[in-house]
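*Asks:* From first to last, the protein sequence lines are chains A and B. FYI, this note's numbering numbers position 11 of the first sequence as 11, with every residue one higher than the one before it. FYI, this note's numbering numbers position 60 of the second sequence as 1060, with every residue one higher than the one before it.
The set of hints was computed from the structure by calculation and includes no laboratory data. It cannot be assumed that every hint is accurate.
Claimed, not checked - Subject to a maximum C-alpha distance of 20 Å in a straight line, what follows is the list of computed PhoX-like cross-link-like pairs (lysine-lysine):
| no. | chain 1 | residue 1 | chain 2 | residue 2 |
| --- | --- | --- | --- | --- |
| 1 | A | Lys-43 | A | Lys-53 |
| 2 | B | Lys-1064 | A | Lys-53 |
| 3 | A | Lys-53 | A | Lys-28 |
| 4 | B | Lys-1006 | A | Lys-28 |
| 5 | B | Lys-1064 | B | Lys-1104 |
| 6 | A | Lys-28 | B | Lys-1064 |
Quick caveat: nothing in here was measured; it's all calculated off a predicted structure.
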Amino acid sequence: MAKNEVRNQIRRLRFENGEMTQQQLADKAGVTRQTIIAIESGKYAPSLPLAFKIARTFGMPIEDVFQYEDEDSQSSETSLYA
Amino acid sequence: MNRVQKIAWSFVITISVAFLLSCIAIAILYFKVGMPKALAGLGFMGIAGLGGFSPLIFQTDKGKVALDERDSLINRRAALAGFGTSYLLVGLACMIPFFILGPKASISVIWLPYIFGVAGLGMFFVHSVAILVQYGRRNKGEKS
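With the rest of the complex left out, here is chain B (with noise of 0.2 Å):
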């Protein structure tokens, strides 16, 4: 598992795990105060943010090349992948409503930096899932 790989998961299991956490916690939030105070749990998604901290953990990989044209070429698509999910993401946000409240309605911009935030770690979830999809599971057959 080369370099790349190993921050892919940093950011797959830190984004799970925060995702996982504010679901729970809003859940139980719900039943205890209601609504709009339930939205606390969010905070949860803070972990997310400890995924950045994963390319100052992980040391470049030993050898005299650490990335080649392999390795740009899975990051290329992996971006495009998370790129996409993230348009698809604010297109959604912004068709969803229109379709079900109307031309005429309004929404409050509180909604903004939400979709903002959802748009922007399902980017990096999705561009990590693709990495780590394009090499594999397990690196199948590496005899010398």
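One chain only, chain A, in its complex shape (with noise of 0.2 Å):
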């Protein structure tokens, strides 16, 4: 089976957002500050509905947020750049 990973660049956009604590990302998002950090540390991969309205905090599209990374897809990127 393939590991996949949620990876997700909020941490990066916090400080790019006047450095924007957890806590007031978790208010906005609806969600406890311990998600954020589970979120964050890539523990945890958060709702569609709620990647969704972390990216509008941010205001911008939730690919530029989350990228969705597998087995397959890095060695296939692999084979293209080889």
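With the hints as a guide, dock the two chains, each given alone in a separate frame, to form the complex.
*Replies:* Right, here's the structure in full:
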């Protein structure tokens, strides 16, 4: 089974948006601070509605905040550039 | 640590303390008064009931959101683990006597409340442990 991972740019975007704190982002997205911490560290992949809320908080499209990666896509990218 | 984790910790501690004290009491009473009376040591299991007061003791978390989708997911997974354990314990309680005593043997119905109690405590214990494991021992990287 291919290992998959949802990467995100939340930490960088928080600092680029006036050094927004995790609590401020959590309040805007309607979740707890623990959840933002878990998402930032890649321990939790948010649901689609939550991912959209977070992206909307930064005023960016969802694919600029979250990137989905799995082994298949990584290996195909590698073969493309090889 | 959020309210759910605090409640889970209180369940784990009360059930563990109750279980340990019961085992010690039964062991001591076994050597002093013999087996049927030694089961009075199970009275210490009543301590486990104190965990039921923890939702009253621990207040709702401050902040706009008390529980979110991740908390619900963790609780759902933990409940599944708890009920799975409970099902396993009842299954073992049914099948072990069957295989040891044989299909024509009979056992006293006094065992039924014990099975119910063990399955219930097992469910609460595993549910609480599963919650703590999923949240993680420490909330690493909690920096703003």
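*Asks:* Please list, smallest to largest, the hint numbers that this structure does not respect.
*Replies:* Those not satisfied are hints 4, 5.
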